[in-house]
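Chemist: Residues per chain, in single letters:
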Amino acid sequence: MVLLLVLLGIWELYVDLGGVDPLILAPPHAIASALFTDRSLLWSNFLVTAQEVFFGILLAAVAGFACAVALHLSSRTLRPAVYPLLVASQTIPIVILAPLLVLWFGFTIFPKLIVVALVSFFSIVVTTLDALSAIDRDLLKLMRTFDSSRLRTLRHVELPAALPGLLTGAKIAVVVAVIGAVLAEQAGADSGLGYLFEQSIPQLLTARAYAAVVMLSLFAISLFALLTLVERLALPWAHTSRGDRHE
Amino acid sequence: MDKMIEAPPQEPRDLDSPAGVRIEAVDRTFATRHRPVQALSGMSMRAAPGEIVAVVGPSGCGKTTLLELVCGLQAPDHGLVWSEPAALMPQRDLLLPWLGAVDNAALALRARGVSRDAARETVRPWMERFGLAGFERTRPAELSGGMRQRVSFLRTLLAGKPVLALDEPFAALDAITRQDMQGWLAHVLAEERRTVVLVTHDVEEAVVLADRVVVMSARPGRAVAELEITIARPRRRTDPGVVALRERALEALGLGG
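Heads up: the protein sequence lines correspond to chains A and B, in order. Be aware that the first sequence starts at 0, since it is given in numbering that gives the first Met the number 0, and climbs by one per residue. Be aware that the second sequence starts at 0, since it is given in numbering that gives the first Met the number 0, and climbs by one per residue.
Everything labelled a hint here was simulated from the structure, so no lab data went into it. A couple of the hints might just be wrong.
[Claimed, not checked] Here are the computed lysine to any residue pairs in the SDA-like style, where the Cα-Cα straight-line distance is at most 25 Å:
#1 A:140 - B:97
#2 A:140 - B:36
#3 A:140 - B:26
#4 A:170 - A:131
#5 A:140 - B:111
#6 A:170 - B:96
#7 A:140 - B:119
[Claimed, not checked] Going by beta-carbon spacing under 10 Å, a handful of chain B positions derived as facing chain A:
#8 91
#9 96
#10 109
#11 110
#12 114
#13 136
#14 138
#15 154
#16 158
[Unchecked claim] So these bits of chain B aren't anywhere near chain A, every CB distance computed over 10 Å:
#17 40
#18 45
#19 67
#20 72
#21 81
#22 119
#23 130
#24 216
#25 219
Idealized CB from N, CA, C, for every residue including glycine.
Just need the whole structure built from these sequences, with the hints factored in.
Modeler: Below is the structure:
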């Protein structure tokens, strides 16, 4: 916190003392005032981006979890074939894909959802699959001696054990999801913080552009904090059981 | 909501029936990364219905393999394995960290498709008998080692199988808790008579708990001695009969002195 204030102070002084043109690097006080004066504009565009990120991650969580479970169930045969495809899908440059999606779906929310989901998907699949693979094999043997069907073992043992992996993946995904939403908006949109940023630079509204970035960062931080909170409340055992036990 | 009421665990079987556990001249070899390991070679043993048979042997003598054969988790390469349906109690408790004690104990019921409410209803009266009253909703991380082991045993007991395969159930406990738990298990098994195959490396535990002790050789494991234990229960580890049989078992293990 102190470090942040010191850095802001240096930044402010550097710009005020003429080290750089305020149109290139807006000083913190200008960004702060832009945050205030443009608040309704920023807020309405923020809601658009927030929606894209939120539903995009949700889509990725559902698809990623399902994909990880499917891969887990078919581990012997399908996994070696599908995993490389998953990795390959991550190497498709989003900057190329995003305009194509806009071409197909227009200026709607869908291209953004797909981009956000695509960039979030991989980390969710990997962490969920890791959580599933970490399940003790002896536990699965035990379930077999209890005459448990594959489906019941999945429901009572494997799916709950995979949830912490899902949340970890979502936490990693949050940051790239925000970047993905901005990229998708820049490829073609009529609202959103990424769109606002893109519009503000050529209009020389540097402070407003920076204000949009500040909001994006704050949004990513709060999403991360929210997911951490969900993890604490919904999966308290994921922390206590890993550490020391009370005897 | 499913209102099915679960039948109580099965009563002790007719002791004259040809049921129980029979292992005859079983060979079992594993392929490991480096070379095949022969776990069992010519292993034979029996457990009559309602009998508690302890299997002792040095570590790595194929005791866990033996239990997995009994539970049908493995098949023998040669020889005969015949057993009534068996439920395993693993060495580590393997309780699910997200469930409270009641729900963990109810896992075997849930695995058979019993509804959550009916399963809890079945488990609840057992909690007090097992010294777990007041800990119904406590997660494993907050239970003591002895309590975790009791929940684990209850879970296996409520699977309702005629045979219990116990894999070194108290090996992970400290010495004081272990003695305590052995006394407790003897008490529970006296009331809830089942066919039990108890694998342990603790000779004393075997003699205190079992009707018969099968001594195994080092790998590849096979039965090298069998001791009938007729000492009246409850037994103490200081009873002269227990001490004498412990010495005999140790001798059969090649550790006598």
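Chemist: Quickly compare the C-alpha distance for residue 170 of chain A and residue 131 of chain A to 25 Å and report which way the hint goes.
Modeler: Status holds; Cα separation ~18 Å.
Chemist: Would the least Cβ to Cβ distance between residue 67 of chain B and chain A come out above 10 Å?
Modeler: violated, 7 Å
Chemist: Min Cβ distance, residue 158 of chain B to chain A: is it shorter than 10 Å?
Modeler: holds, 5 Å
Chemist: Does residue 136 of chain B pass the interface check with chain A, least Cβ-Cβ distance below 10 Å?
Modeler: violated, 12 Å
Chemist: Holds or violated: is the Cβ of residue 72 of chain B farther than 10 Å from all Cβ atoms of chain A?
Modeler: violated, 5 Å
Chemist: Does residue 110 of chain B hold up as a contact with chain A if the rule is Cβ-Cβ below 10 Å?
Modeler: holds, 3 Å
Chemist: Check the hint pairing residue 140 of chain A with residue 111 of chain B against an upper bound of 25 Å on the C-alpha distance.
Modeler: holds, 15 Å
Chemist: Does residue 114 of chain B hold up as a contact with chain A if the rule is Cβ-Cβ below 10 Å?
Modeler: Cβ of residue 114 of chain B sits 12 Å from chain A, so the hint is violated.
Chemist: Using Cβ atoms only, decide whether residue 91 of chain B comes closer than 10 Å to chain A, and label the hint accordingly.
Modeler: holds, 7 Å
Chemist: Is residue 219 of chain B truly not at the interface, in the sense that its beta carbon sits beyond 10 Å from all beta carbons of chain A?
Modeler: Since the minimum Cβ distance to chain A is about 22 Å, residue 219 of chain B lies beyond 10 Å and the statement holds.
Chemist: Checking one constraint from the list: CA of residue 170 of chain A to CA of residue 96 of chain B, max 25 Å. Satisfied?
Modeler: holds, 22 Å
Chemist: Since residue 40 of chain B was said not to touch the interface, does its Cβ keep a gap of more than 10 Å from each Cβ of chain A?
Modeler: holds, 23 Å
Checked against the numbered hints above, the structure violates hints 12, 13, 19 and 20; every other hint is satisfied.
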